[in-house]
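Q: Sequence order for the protein chains is A and B.
Numbering-wise (my numbering), the first sequence opens with residue 706 and increments by one.
Numbering-wise (my numbering), the second sequence opens with residue 65 and increments by one.
For the record, the hints were derived by calculation from the structure and aren't laboratory data.
Every value quoted in this text rests on a predicted model; they were computed, and no experiment measured them.
All residues carry an ideal CB built from backbone N, CA and C; glycine is no exception.
Among the hints, erroneous ones may be present.
To be verified - Pairwise CB distance ranges, derived in the manner of DEER restraints: (1) 66(B) with 818(A): 41 to 47 Å; (2) 859(A) with 134(B): 55 to 61 Å; (3) 138(B) with 859(A): 45 to 51 Å; (4) 79(B) with 763(A): 44 to 50 Å; (5) 133(B) with 829(A): 52 to 58 Å.
Claimed, not checked - Covered, in the sense of this in silico footprint (three residues per stretch, anywhere, with C-beta under 8 Å from a C-beta of chain A), are these stretches of chain B: (6) 68 to 79; (7) 96 to 104; (8) 196 to 205.
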Amino acid sequence: MHALVGEIGLTLDETGSAPSFDELVLRHQQRVLRTAYRLLGRVEDAQDAAQEVFLRLLKNLHRIDRDPQAWLYRVTVNVCNDHFRRLTIFPGEAPREHADPGPGPDGLLALEERKRLLMQGLQTLPERERAAVVLRDIEGLPTREVAAILGVEEVTVRSQVSTARLKLAKHVRRMS
Amino acid sequence: MTCGECEVRMAAGEISAALEEHLGGCDECRGLWDELQANRHALRAMGLETVPAPATPTRPTLPWWKWSSAAAALVLSAAGAWFASRPPKPPQIVSVDVNVTGVVQHEAPVVKAKIPDRIPALIPVASTEPLKVKMLTPDPDVVIYWLVD
């Protein structure tokens, strides 16, 4: 057990045992689902992608030699890119947003409308720019970590994120 | 600073005195800056949202075509192993008591025997091997084998 813990870089819980697969799923499920949802734009597709990601985790658990979080982000991006290429996006079909418990009715409408437009805009971005801005601006990961996940240089991530931000801003202005 | 340079710096989040000076005198860039800031806030808020998890259990299940083909392969290999490891079926022997009444000397000896009217029912044999009938005589030194196709 300790060899496994050292191998995959997991932390022991208070009972001294490594987290089980189910515990890992519980710990990282929202992160994976959220990233997949922002990359794919539909809850159902995100759920399918998350299933695929955790199936791969189950198969590769013994081979992951560091914190599974970065590995999960990388696999999520890859699975979603594959999934996105297979999807047929019909023009004008808006991504379905799920209910969001917001702070209050006043600021909620503007924020919700902006989020809806941003979700639309995300689907129009090239996959590398979409992945970079989702990981950097939505998931809040540092540029260095995003670069490691995507397997590119930090300067490339900065460039992709900047380009994506400008495209999103122009999309929101055009559509609002 | 040109609007193009300003755009690049705003998107990268590089705030400088020159940028602020340009924003103070350019409504177009000021509007884009406000848009970028509002988007930044909205994107962060999106990162705090909860996405509904699938209703299925957390442990993902293998697709049916994977587990069913694996199960079929397992069943077939087990059946094949069982079939190959079966011991050969021994030839079935049915005992029939006969009374030897005499021996007629010819070129070849001929055994005269009285076969009982009632012969034990033969057990059905699935094999195509010929049925071997062992005929016991009063003389313990004489045993007759009869192959029935």
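Q: All hints are to be evaluated individually against the structure, with a verdict given for each.
A: Quick rundown of the hints versus the structure:
1. 66(B) with 818(A): 41 to 47 Å: violated (32 Å)
2. 859(A) with 134(B): 55 to 61 Å: violated (44 Å)
3. 138(B) with 859(A): 45 to 51 Å: With Cβ atoms ~50 Å apart, the hint holds.
4. 79(B) with 763(A): 44 to 50 Å: The hinted range 44 to 50 Å holds for residue 79(B) and residue 763(A), with Cβ atoms some 45 Å apart.
5. 133(B) with 829(A): 52 to 58 Å: violated (40 Å)
6. 68 to 79: holds (count 4)
7. 96 to 104: holds (count 6)
8. 196 to 205: With 0 residues close enough to chain A, the hint is violated.
Consistency note: the structure conflicts with the earlier hints numbered 1, 2, 5, 8.
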